Amino acid sequence: MRPPSRRGRAEPRGGLTVPRLSPLAHSLRALVYLYRWTLSPFIGMHCRFQPTCSRYAIEALETHGALRGGWLALRRLARCHPWGGEGWDPVPGAARPGPADTAHHHDGGCCGQATVAARRENP
1 MRPPSRRGRA
11 EPRGGLTVPR
21 LSPLAHSLRA
31 LVYLYRWTLS
41 PFIGMHCRFQ
51 PTCSRYAIEA
61 LETHGALRGG
71 WLALRRLARC
81 HPWGGEGWDP
91 VPGAARPGPA
101 DTAHHHDGGC
111 CGQATVAARR
121 ENP
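Note that the UniProt record's numbering numbers the sequence shown so that position 116 is 116, with each residue one more than the last.
Just so you know, the hints here were simulated from the structure itself, not pulled from any lab data. Don't take each hint at face value.
The following label-pair restraints were derived from C-beta to C-beta distances [unchecked claim]:
hint	residue 1	residue 2	range
1	F42	L67	27 to 33 angstroms
2	G44	S22	28 to 34 angstroms
3	L39	P82	25 to 31 angstroms
4	W71	R20	17 to 23 angstroms
5	G44	G87	17 to 23 angstroms
6	W83	R20	36 to 42 angstroms
7	L24	P82	28 to 34 angstroms
8	W37	L74	19 to 25 angstroms
9	W71	R36	19 to 25 angstroms
10	F42	G93	18 to 24 angstroms
11	P41	L77	14 to 20 angstroms
On a predicted model such as this, the values are computed, not experimentally measured, just so you know. Glycine residues also receive a C-beta, built at the ideal position from the N, C-alpha and C atoms.
Start from the sequences, fold in the hints, and give me the full structure.
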């Protein structure tokens, strides 16, 4: 019997999560990193989406493997143009919080949210 596929799955190693990638996914991810280190500084930060297109490609390759992740990255690059969309566009199936999920909720006064809420309840 064959063991279950571990393509794109993360494997914990010493407290860090190291994704297990196929050789093709490693090669594609290396090309994205090469772009980030060589061409991206000269082109500038003009990405219309969050996460950036290169970060999206890396997450797609790590989450879905070379074929599906590569396809998702190509689709994202095709949408990244002046007449395309903008905003939050996460990788499908990636366990990553959205902008609304990262907001902090507390009763302290560092941002004044609790104070404003208390004033609304007690006029």
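Beta-carbon spacing of W37 to L74 - inside the hinted bounds 19 to 25 angstroms or not: Cβ of W37 to Cβ of L74: about 21 angstroms, so the range 19 to 25 angstroms holds.
Beta-carbon spacing of F42 to G93 - inside the hinted bounds 18 to 24 angstroms or not: Since F42 and G93 have Cβ atoms about 33 angstroms apart, the given range 18 to 24 angstroms is violated.
CB-CB spacing for P82 and L39 relative to the 25 to 31 angstroms hint: violated, 19 angstroms
Hint check for L67 and F42 - Cβ pair distance inside 27 to 33 angstroms: Distance hint for F42, L67 holds at roughly 30 angstroms.
Beta-carbon spacing of L24 to P82 - inside the hinted bounds 28 to 34 angstroms or not: holds, 32 angstroms
Outcome for the supplied range 17 to 23 angstroms, where the beta carbon pair is W71 and R20: holds, 20 angstroms
Outcome for the supplied range 19 to 25 angstroms, where the beta carbon pair is W71 and R36: holds, 20 angstroms
Status of the given 36 to 42 angstroms range, CB of R20 versus CB of W83: holds, 38 angstroms
14 to 20 angstroms as the expected CB spacing between L77 and P41, which holds or is violated: Roughly 19 angstroms apart at Cβ, these two residues keep to the hinted range, so it holds.
Satisfaction of the hinted span 17 to 23 angstroms by the C-beta atoms belonging to G44 and G87: Distance hint for G44, G87 holds at roughly 19 angstroms.
Hint check for S22 and G44 - Cβ pair distance inside 28 to 34 angstroms: Since G44 and S22 have Cβ atoms about 32 angstroms apart, the given range 28 to 34 angstroms holds.
In this structure, the hints that do not hold are numbers 3, 10, in rising order.
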